[in-house]
Amino acid sequence: MNKENVKRFIKSVPPVLWAIIILIIVFSNFSKNYLTYRNLVIILQQTSVLLVVASAATFVLISGGLDLSLGGVLTISGVAVAFALNAGLPIYVVFIIGAAVGFACGAINGTLISYLGLAPFIVTLGTQGIFFGLSLVLSKRQGISISNETFIKLGDLINGKIPMAAILCGILFLFAIFVQNHTRLGRYTYAIGGNREGSRLSGVNTKFWHFMVYAFAGFLTGLAAVILVARLEVADPIVGSQWEFEAIAAAILGGTSMDIGRGDVKGTLIGVLLFTIVRSGMNVIRVPSILQPAILGTILVLAIVLQVSITNRRINHE
Amino acid sequence: MSKNKVSIHNLSVDQISNLSRLLALALIIVLGVIISDSFLSVENLTNILTNASVLIIIGVGQTIAIVTNGPDLSSGSILTICAVLVAILMKSFGIPYPIAILAGLSLGALIGVVNGVMISKVGIPSFVSTYGLMWAVFGFAYVLLHGYVLYDFNSSFRFIGNGSLFGFIPMPIVIMALVVGLGIFVMTKTTYGRRFYAVGTNSVCAKMSGINVDKTVILAFVSSGFLSALAGIVLIARINAVQSDIGSNYLLSVLATVYMGGASTEGGEGTIQGTIIGALIITIVYNCMNLLAVPSEWREAVIGLLIILTILIDSFAKKRAEKTII
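For the record, the sequence lines run as chains A and B. Note that the numbering used here has the first sequence beginning at 34, numbered continuously upward. Note that the numbering used here has the second sequence beginning at 12, numbered continuously upward.
Just so you know, the hints here were simulated from the structure itself, not pulled from any lab data. Glycine residues also receive a C-beta, built at the ideal position from the N, C-alpha and C atoms. Fair warning: there could be bad hints in the mix.
[Stated by the list, open to error] One side only, chain B facing chain A, incomplete, derived with CB under 8 Å:
| id | residue |
| --- | --- |
| 1 | A35 |
| 2 | L36 |
| 3 | A37 |
| 4 | F50 |
| 5 | I135 |
| 6 | W146 |
| 7 | Y270 |
| 8 | R310 |
| 9 | E311 |
[Claimed, not checked] According to the in silico footprint, chain B covers these stretches of chain A (three or more CB under 8 Å from chain B):
| id | segment |
| --- | --- |
| 10 | 111 to 124 |
| 11 | 211 to 219 |
[Unchecked claim] DSSO-like, lysine-lysine: derived pairs with alpha carbons at most 27 Å apart:
| id | chain 1 | residue 1 | chain 2 | residue 2 |
| --- | --- | --- | --- | --- |
| 12 | A | K240 | B | K200 |
| 13 | B | K200 | B | K218 |
| 14 | B | K330 | A | K240 |
| 15 | A | K194 | A | K40 |
| 16 | B | K334 | B | K200 |
| 17 | B | K218 | A | K240 |
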């Protein structure tokens, strides 16, 4: 009886979590500093923004779509935030601007995908080009540095102890979980991904909610951009490249599947953790920085292959 | 007026969208003529066609992938890593260029196999798996080159990109014509072509009628990988240098090319002839932007906009055409 319970418990833990535990043990053996508070806090600071963007990507994936423009949304919202700050606007207005630009970008995607019925990957690839391109044009290819001290504090590691960016992103992450579990948007995201025609016939305004999924993803990413700019103290027109892939990869590693409306934002946390640990671990075991993108990319692709084959097998069992 | 309307109604869906594409090409050529007097000069036209060659070569492979399953988003990265490999083999190891080219083409085909297996055997959607592989492959290209630029290849290799057949037809155009000829032949006259379309239209149906779907999908992505590699070789022979982000601009342009050519995002539709028109439109747009001295920052935004406009117009045209048929 007891053995059964243990077995079930072991089976219920996702394989990615095992990988994380093993990696932490390995890396902490390599370096005594790995498991210190300071190091953990720094790692948290670096990856918390990805957690928010990955949560946004999770919503879109659950609805059966794909948003390749999230990196572009992050970039252009960041550029808008920098302009707003340098124009001397108060900080709460800056947050509103970041969120609004993100929402607007998402709304463009949502309109094209939901109301006009175009394929998500090609629409968001196109808008990716537009958002990145406009960021380059607006910033004239140069990073826009931020000088507002209060704003920078929002992304800072205050006294080397309080990770502000991580805390703010944590709040956004909790907000995303709340939306997913306790609002109509959250429920309808699953309904749209699971059975769109069925939910339409049962009276759900699927077009509107499908549109809202993309708009909400943009909204979250816009807010993430504000925190990212505060942390980096600069709005870089190329900062967002590759983010959408990392976000989507993290969501898939967290068990989200785009075929059947399955997965959740909580799971995405695990995906982001794996990501973070591999990335920080490569520094610990002194992998040359030139090799890191290639290794990280390969690990991610392999992990996705593994995760998808496991998920598919489970579906077949059921 | 009314007579005109009737004749449009008599056209099939395909004919209408083909017509609209040719119209777009004509429109953009007119725009080019208005912008610059030298647009229609033989020199500029040859230049446009030579520039379009690389795009068309990748585009043929991409068309096959899109018809069969879905886009190969890794084609720009395959172009890069194969070009880098060929350059390194020639410059750093002194390997004769035919062998280096062979190695580059094989690498392209091999990455195509990886793509095909991930899509068909594992079941990851092509736009996720190839997008992921793209970042990994760009990473490796960066590792191979260590961030350097390799340049100045030997003249017999450069003939592929710079030379002219009979002294007046640039080699990229010759290679492109061969690829296009072979591609059209395969897609329209062979069972391979039929299988690509069958799998893309309805893979379950294709499987039941005895087509090896997995093998067909892998073959499609191998074609795309191989042709991307070929395009990379032509490209570096032409510009006589290689760096690790040489192919990053091709992701959007190639997709724009193929979708403008009338390929459907749902698979099973698209022709190589259409892709050629798409490539010409994109190249002429670039050409016009150069003639107008538009800053290069605008390129990406313009191509993104073009992609969305194309699929938007296509979807409207198809919806209207379907309505009139019913």
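Taking the least C-beta to C-beta distance, is B/F50 closer than 8 Å to chain A? violated (25 Å)
Assess, step by step, whether the Cα of B/K330 is no farther than 27 Å from the Cα of A/K240, and give holds or violated. holds (18 Å)
Return the status of the interface hint for B/Y270: holds when the least beta-carbon distance to chain A is below 8 Å, violated otherwise. This hint holds: B/Y270 lies near chain A, its Cβ roughly 7 Å from the closest one there, short of 8 Å.
Can we keep the B/E311 interface hint, with Cβ of chain A closer than 8 Å? holds (4 Å)
Chain B over the segment 211 to 219 of chain A, status - at least 3 residues with CB closer than 8 Å: Check failed, 0 qualifying residues.
Given the hinted pair B/K334 and B/K200, is their Cα-Cα distance within 27 Å? violated (32 Å)
Between A/K240 and B/K200, is the straight-line Cα distance small enough, at 27 Å or below? violated (42 Å)
Can you confirm whether the C-alpha distance between B/K200 and B/K218 stays at or below 27 Å? Since the Cα atoms of B/K200 and B/K218 sit roughly 21 Å apart, the hinted pair holds (cutoff 27 Å).
B/I135 was flagged as interface toward chain A. Is the shortest Cβ-Cβ separation under 8 Å? With a minimum Cβ separation of about 5 Å from chain A (threshold 8 Å), the hint on B/I135 holds.
Next pair to validate is B/K218 with A/K240; report whether the Cα-Cα distance is within 27 Å. violated (34 Å)
Verify the interface restraint on B/W146: the C-beta must sit less than 8 Å from at least one C-beta of chain A. Holds. Min distance 4 Å.
Per-residue hint verdict: B/R310, partner chain A, C-beta under 8 Å: holds (7 Å)
In this structure, the earlier hints numbered 1, 2, 3, 4, 10, 11, 12, 15, 16 and 17 are contradicted, and the remaining ones agree with it.
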